[in-house]
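When you get a sec, could you build the whole thing from the sequences and use the hints?
In order, the protein sequence lines correspond to chains A and B.
The opening residue of the first sequence carries number 1 in the numbering used here; numbering runs sequentially from there.
The opening residue of the second sequence carries number 422 in the numbering used here; numbering runs sequentially from there.
In short, the hints are calculated from the structure, not lab data.
Beta carbons: idealized from backbone N, C-alpha and C, even for Gly.
One thing to keep in mind: the hints can contain errors.
Unchecked claim - Derived DSBU-like pairs (lysine-lysine); straight-line CA-CA distance at most 35 Å:
#, chain 1, residue 1, chain 2, residue 2
1, A, Lys11, B, Lys559
2, B, Lys450, B, Lys611
3, B, Lys665, A, Lys213
As the list claims (entries may be wrong) - Heads up, incomplete: computed chain A residues facing chain B, CB under 8 Å, no partners named:
#, residue
4, Val134
5, Arg202
6, Arg204
7, His208
8, Arg289
9, Gly298
10, Asn300
11, Ala303
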Amino acid sequence: MEDQAKSMMDKLGLDARLLGMIGALVVIWLVFGFFTDWRFLSPRNFFNVSVQTASVAVMATGMVFVIVTRNIDLSVGSLLGFIGMTVAALQVQWLPSMLGLGHPMIWVIAVVAAILMGAFLGAIQGWVIGYLTVPAFIVTLGGFLVYRGAMWWVTKGQTQAPLDPIFRLLGGGAEGTLGETLSWVFGTIAALVAVGIMLLSRRRKSTHGFTVKPMWAEGILMAMAAGLIIAFVWIMNSYPIPRGAMRRMTEARGIEYTDGMVWNHGIAIPVVILLAVTIVMTIIATRTRFGRYVYATGGNPEAASLSGIDTRLLTVKVFALMGALTGIASIIASARLNAVDVGLGTLDELRVIAAAVIGGTALSGGAGTIYGAVIGALIMQSLQSGMASVGVDAPLQNIVVGFVLVLAVWIDIVYRRRAGV
Amino acid sequence: MMTPLVEMKDISISFGGIKAVDHVSVDLKPGEVVGLLGHNGAGKSTLIKILSGAYAMDTGEIRINGEKATINNPRDARTYNIETIYQTLALADNLDAASNLFLGRELVNAMGFVDDDAMEAETRKIMARLNPNFKKFKDPVSALSGGQRQSVAIARAVYFNARILIMDEPTAALGPHETQMVSELIQQLKAEGIGIFLISHDIHDVMELCDRASVMKNGKLVGTVDVADVTDDDLLGMIILGKKPGES
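Here's what the structure looks like:
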């Protein structure tokens with residue numbers, strides 16, 4: 001029986017580590033569900049957790065590349081704050097005085113500025129690490145202090161609020177979602193694309209004459225992928241928008257609000273951003289030369305450079321990418337709060353590193369997946385939201401998360417040793 | 422007289438004041454195997470890393486097919502069809518055989534994305550020729566045996582039509598069967614007109630496989646001899662005492 005199940009798993013070709021992480025996530029959800037009269041498993045909570053995960057998860061995808069190349073980035077939390085404050089000041093003070101308050105280009109400029117600023121500062125750190133060969137730990141520890149200090153200087157410590165109304169949508173909330181109909185469209189297309197990619201890959205492999213999974217296994221995987229996507233959309237589309245927000249939204253759209261009217265949230269925009277980032281980063285990791293070189297350099301830096309890979313330039317690119325993703329995460333985080341104070345992003349670097357590591361990224365380099373980091377971020381956020389909802393106080397939350405981090409890495413080490421990889 | 426495939430003239434390189442290679446000249450003709458002999462630290466690996474682009478020489482000149490060549494990095498070396506099998510194999514252990522074989526020269530599809538399936542198909546083809554027992558195409562090379570890893574490193578050098586092949590201790594980690602395989606491969610490549618630098622400290626290997634041998638000691642070239650003209654003891658004398666045969 002056990003053998004049968006094992007051979008079935010082999011045919012499905014699912015990664016044991018992925019299954020382990022999903023298993024851990026389900027256990028966390030069920031346990032907190034049980035202790036909250038299943039409130040934890042409500043559409044409302046899933047929506048909130050998905051939005052709260054987005055910022056850290058976006059950065060975690062970049063941290064995978066950083067850690068895979070045997071580096072570390074301790075500066076992302078401070079950088080997120082610095083970018084957030086700069087871009088907030090841009091929206092609140094500088095751009096309105098130049099373009100006029102509520103100008104439709106303000107959010108576009110803010111978004112582009114955030115990403116460019118992150119990429120530029122990341123590239124500088126990468127240059128110091130790659131070309132001047134100062135260890136990443138030190139360079140980014142410096143960045144951690146520099147950016148937090150610089151953040152204060154932007155506005156002399158003043159909190160910036162409220163942000164541009166369109167920019168705010170990028171942080172989620174009742175208005176910052178795709179809405180019901182678009183969510184279904186999005187989900188349907190995503191499910192079709194997922195199935196299509198699996199079919200294409202199967203056909204490509206058979207034209208090369210490789211052995212492919214049996215059709216039933218492929219069918220189960222396709223059904224699982226499509227099912228997960230549709231289930232997610234369904235849950236997001238089961239969370240009604242509260243009455244106050246409904247009144248505001250109907251008014252804005254010129255529809256008369258009646259008491260029986262129900263609109264649901266749908267997928268939050270930050271989650272759409274996270275999904276896009278995850279897909280793009282996965283393609284970069286697995287289907288581009290740059291991604292291949294990132295992993296090769298992490299596996300054996302000497303071999304990579306003997307193969308003609310410019311590992312110094314690669315370091316610059318990896319940190320620039322990390323910075324750009326921090327810029328995106330900063331947009332999500334500041335837009336969600338609709339304000340930036342000097343504490344924005346504090347301790348985020350540790351959450352991001354923990355997410356990547358829980359997701360199976362090895363600090364020794366060379367190993368780690370993008371989806372793993374995203375699930376890692378989801379596990380971290382689920383733990384924290386769960387503990388908050390059962391009334392665990394903040395210090396104890398940190399203690400638990402600390403233990404879980406160490407436990408997860410220990411399990412990963414044991415797994416790697418057993419699997420011999 | 423045939424133009425040499427490679428001429429390394431008067432090459433020197435120092436690391437922190439130590440002359441690792443001190444005014445050394447060696448050359449290699451098409452279809453020839455030249456052995457580089459010497460103790461550990463004699464400078465043979467360093468000399469060869471200058472040719473493969475891993476180190477930049479301080480002084481000297483490299484000529485390929487009689488023309489001056491500029492080799493500043495491994496990529497330059499590859500454009501001259503110089504391929505190297507390093508003693509350490511230089512494999513990224515976390516990647517599979519195909520990714521290692523094509524590292525730095527990935528096959529891409531029309532959209533510029535890495536085409537893993539095409540690379541695996543090519544890897545299967547060349548492995549069928551070099552090591553028909555090789556089956557682990559999906560595993561990271563860390564999961565392979567010493568001989569299998571070696572065959573991946575050799576496949577990488579052979580696949581890209583090397584004209585000049587550098588082999589640094591190619592049989593050091595191999596069993597007798599695999600050593601035999603490497604010997605046969607060297608004969609075959611030689612017959613195809615490829616020039617091979619074979620670094621070894623095994624005199625029997627050199628006597629069996631090489632046409633000429635250049636011996637180094639303490640960064641200096643002791644001398645270059647035709648293998649047919651010398652005995653094992655002559656070579657040993659060159660390695661240990663730094664004396665050319667006939668000198669007293």
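Now for the hints, and whether the structure bears them out:
Distance check on the hinted pair: Lys11 (chain A) and Lys559 (chain B) sit about 15 Å apart at the alpha-carbon level, within 35 Å; holds. With a C-alpha separation of about 10 Å, the suggested pair Lys450 (chain B) and Lys611 (chain B) falls inside the 35 Å cut-off, and the hint holds. Proximity of Lys665 (chain B) to Lys213 (chain A) is assessed by CA-CA distance (about 64 Å); at most 35 Å being required, the pair is judged violated. Against a cut-off of 8 Å between C-beta atoms, the interface hint on Val134 (chain A) is violated, since the closest Cβ of chain B lies about 21 Å away.
For Arg202 (chain A), the interface hint is violated, since its Cβ never comes within 8 Å of a Cβ in chain B; the closest pair sits about 11 Å apart. For Arg204 (chain A), the shortest C-beta to C-beta distance to chain B is roughly 5 Å, which falls under 8 Å, so the interface hint holds. The interface hint given for His208 (chain A) holds, since its Cβ lies 5 Å from the closest Cβ of chain B, which is under the 8 Å cut-off. For the restraint placing Arg289 (chain A) at the interface with chain B, the shortest Cβ-Cβ distance is roughly 5 Å, inside the 8 Å limit, so the hint holds.
Contact between Gly298 (chain A) and chain B, as hinted, is supported at the beta carbon level, the nearest pair being about 7 Å apart and thus within 8 Å. The interface hint given for Asn300 (chain A) is met, as the beta carbon of that residue sits about 5 Å from the closest beta carbon of chain B, less than 8 Å. Of the supplied interface hints, the one on Ala303 (chain A) holds, with its beta-carbon coming within about 4 Å of a beta-carbon of chain B, less than 8 Å.
When the structure is compared with the earlier hints, violations turn up for hints 3, 4, 5 and for no others.
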